[in-house]
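> Build the complex: two chains, separate frames, hints provided.
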Amino acid sequence: MVFSSLIFLYLFLPVCLLCYGLSSSLAWKNTILVIFSLIFYAWGEPIYIFLLLGSVIINYLFGLAMGKCKDQKQEKGAKAFMILALLFNLGLLGIFKYSGFLVENLNLLPFISLPVPSLRLPIGISFYTFQILSYLIDLYWDKVERQRNLGHFLLYISMFPQLVAGPIVRYSTIAAEIGSRKVTMTEFSSGISRFVLGLAKKVILSNHLSVIVADFFGGDLSQLTVLGTWYAVAVYAMQVYFDFSGYSDMAIGMGLMFGFHFDENFRHPFLCKDISEFWQRWHISLGTFFRDYLLYMPIFGKRRKYGGLFLVWFCTGLWHGASWNFILWGLYFGIFIFIEQCIGKKKMRKIPLLFRHLYSKLVILIGFGIFYFESLSKLLIFFRRLIGLDGAALTDQYLLLSIRNHIWLLLAAVICCFPIAEWFKKLGNRSVGSAYVFNALQTVCNVVLLAVSSILLVDATNNPFLYFRF
Amino acid sequence: MTKTEALKMLNPIFCEVFDDDSIVLTEETTAADIDGWDSVEHFNLISAVEAAFSMQFQMREVSGMKNVGEMAEIVAQRAK
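As given, the protein sequences belong to chains V and X, one line each in that order. If you count the first sequence from 1, position 72 lands on 1197 in our numbering, and the numbers rise without skipping. If you count the second sequence from 1, position 18 lands on 907 in our numbering, and the numbers rise without skipping.
No lab work stands behind these hints: they were computed from the structure. Even for Gly, the Cβ is constructed at its ideal location relative to N, Cα and C. A portion of the hints provided could be inaccurate.
What the hints assert, rightly or not - When the alpha-carbon atoms are kept at most 20 Å apart in a straight line, the in silico EDC-like pairs for lysine to aspartate or glutamate are as follows:
1) X:K955 - V:D1345
2) V:K1472 - X:D927
3) V:K1430 - X:E916
4) V:K1193 - V:D1267
To be verified - From chain X, some residues computed to sit far from chain V (all C-beta separations above 10 Å):
5) K897
6) V913
7) T915
8) F942
9) M948
10) E962
11) R967
What the hints assert, rightly or not - Here are a few chain V residues that face chain X, going by a calculated C-beta distance under 7 Å:
12) W1266
13) K1398
14) D1417
15) Y1421
16) K1430
17) K1471
18) S1556
Same shape as in the complex, but just chain X (with noise of 0.2 Å):
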């Protein structure tokens, strides 16, 4: 998988967590740019994106992505 198209199997499951079908995924996107993306949703949409992909994030990932690109990057490398 590359991470595009990572990247574009990563936006409907951020339009279900976020509850918002507008989302439109970007590399750059962080949670600045996303409504109601605070710790609580960061928990809820990293075990989302963990069981659609059948992967774990490693913990220092978790809390060391700074966009959406870093985490289109791990699910390409580690989906299965």
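Isolated chain V, as found in the complex (with noise of 0.2 Å):
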């Protein structure tokens, strides 16, 4: 089941609402979101849902067992279930994710044949392992108290806003709301204005984008001019953006409308000077998570300062998906990440902001190039494009008529990756008459923008959200 869908918006989310309200005990409130959070699962996965269950009941075990160790002091012990839980996970998403890439490259190499295993990706497996290795390492390194309640340390994995595309929510972030949290009447009408305004993005504005970036990249690359092929790849740009940061903006509203407070995964990223703030900007989540439990890890010795950074963006790439060109597009952003560190904070100040402006666009935008071709020849045949080579005309009608016919939509998403809402709250907030200007005003845009995107879903055939393939 996916958010932006008329059965999860009038059917699914209004009832699990309901029932939620309707409970009288947190613990009854509890069990009502893990119900249907397995639903929501089993719904698109009705045969993984036992994976996920299974998982979460061994690594809840394997949370007791360490936690006893460190009760005990047997540090040696605890270190042992935590490797065995690394091995258990990693092998987990190893097998499932990552093993007919590896069987393909081994074929490669003379001498070998084996059959290519072509399992289907569980969907939110990447997620919700995250998740879960976050709560492990956390509780080795003694941050964070076990977790006693399996129903409690389900919830904290199946809970539906965040299961299956993120934001990886850290088991520090809301174990204490797990156990006792209130929604207020201002929180849950903050939940459902960040709901809609996700829901906007996603279906008014990056299931539109879509259709333009299929009308340039779907066809004949051969075909494509220099700025056709700039444009194409600008709006892949802006509806991943949409469509991953909508959903996060979903994710956040129904954790405020269920009394859960989920970090940010977006903070405007277009609006980065460099490439370094670029990532402070965009999945947050994730950046955060390797910056944690992977950055700092002592197998470089004394180059770990710049080992540990390739690790980070080699491991990014590949978690994005199981192909070389998602592994090329993480180096490809460490390497300038790399360069930004080499040249230092100071220096780069000092570079007028209009040269750091372009030289951040340009290579976030190739960047979005090589995520999109996971075919290695298509990308290079979009290099040749983005420059020029085999004889690519500048421009030509296709590209002028694109433009007319979607001026409209291009705009509003070039607006829209601006903090527009954070400025009229900003404005808002200046004097008690504006703050009811600005209420009535947020309460008009949230019923249109939902009746738009209902309207627009009626007629919707395919609406996926981009990272639930990862």
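Written out as structure tokens, the structure is:
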């Protein structure tokens, strides 16, 4: 089930909220959330739900065993369980996500011809595995208490707002709220606004931007003009941003409706002035996960600073998919962050702002091209069209027609890359009168955006979130 | 080395990394008190401190330090 579907919007979520609201105790509220989360997951994954449940139970036991060792001051025992847990979780991810890719590449070697496994990727496995790892590592590092209640642990992993496409919620972020929380009307109302904003980003902007991308990149790439290639990749960057940040908005909004406070996952990434800043604003939960659990891994000795950096970017690429283009994409960003590290923040700041913006957007757009083309031969054609090789024309009527036909969509998309909601909110906070006007306007906006999104969803045939495949 | 001595020795490293000579560290100083202390600068800071004191922080320490006082305590215990 996806958030941007009519059945979710008008049946699943309202019924879940109603049952949740009618539940008298927190224990019942948690039970309702677990039941609805399992229905939500089983809707699209009737088989792999057992994988999810199995993983939860085994990791719950790992947590208990590690906690017991900690209580008895048996550090070696705790370490052994931590290693076992890492092997189990990364092994599971490896089997389902990377085994086909690994065998395909092994088969390239002479005298090796292994059958390529074709396992379907369980939805959300990359996200929930990382959530489990964050709990276990924090437990091993004495940052959190072990969770003794299996129901609470199942709720943490399976909670439907963030189960299938993040953000990667740390156990430490919501551990206290699993056991004690309350929903205020103000926060519930903020949650609805945030949810509707995310829905609109996805249905009104991202879905329609994807049509432009398919027009340009879906056909014969050798027909692309230079400006047409730049235009399509810029539109694709905005499509991914509105798709993924829209999903995160909906997740954070629903979290608020149920009394949970998830961390932000995006902070207007295209406003960045360099690549390091871009990654502090884009998919923040993944970046902080790798920063805390991988960057400082002591395996590179005195070269830890740069060894860790490239390991993180290799893993960031690999996490996104079992394909060389994703690995290339991760390392591509790693190289620019390495260069920025070598230059240093002080010298970077001295570069005129305009050049920093131009540099960062150029690097980001080319990065989205690498992200889009999983076929390396197509990626090569993309690069050649970008710089006008093979006799590519600068522009053509097709590009002008596309811009003319989608001018309002493109303008809206560019404007929505800026923090306009925050600007309006600041204006609204200036006085009691302006706050009243802001609240009234926000309500009207929510109703209009929900109505428009719903009408658009009636006709929508294919509406998956891009990050579901990760 | 005492914690106070470590704190005193950390001060010029912070000034260098954050390019700000006005920084005066206390045990309670946190990332919120110093302009530009983000994850990238934290990475540079850790590397600079490790190089200056010929030591290495453990992974759990890097992401778990709540303030400069905790950093000074680790440095005081482990610096060579």
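> Tell me, in ascending order, the numbers of any earlier hints that this structure violates.
Failing hints, ascending: 1, 3, 9, 13 and 18.
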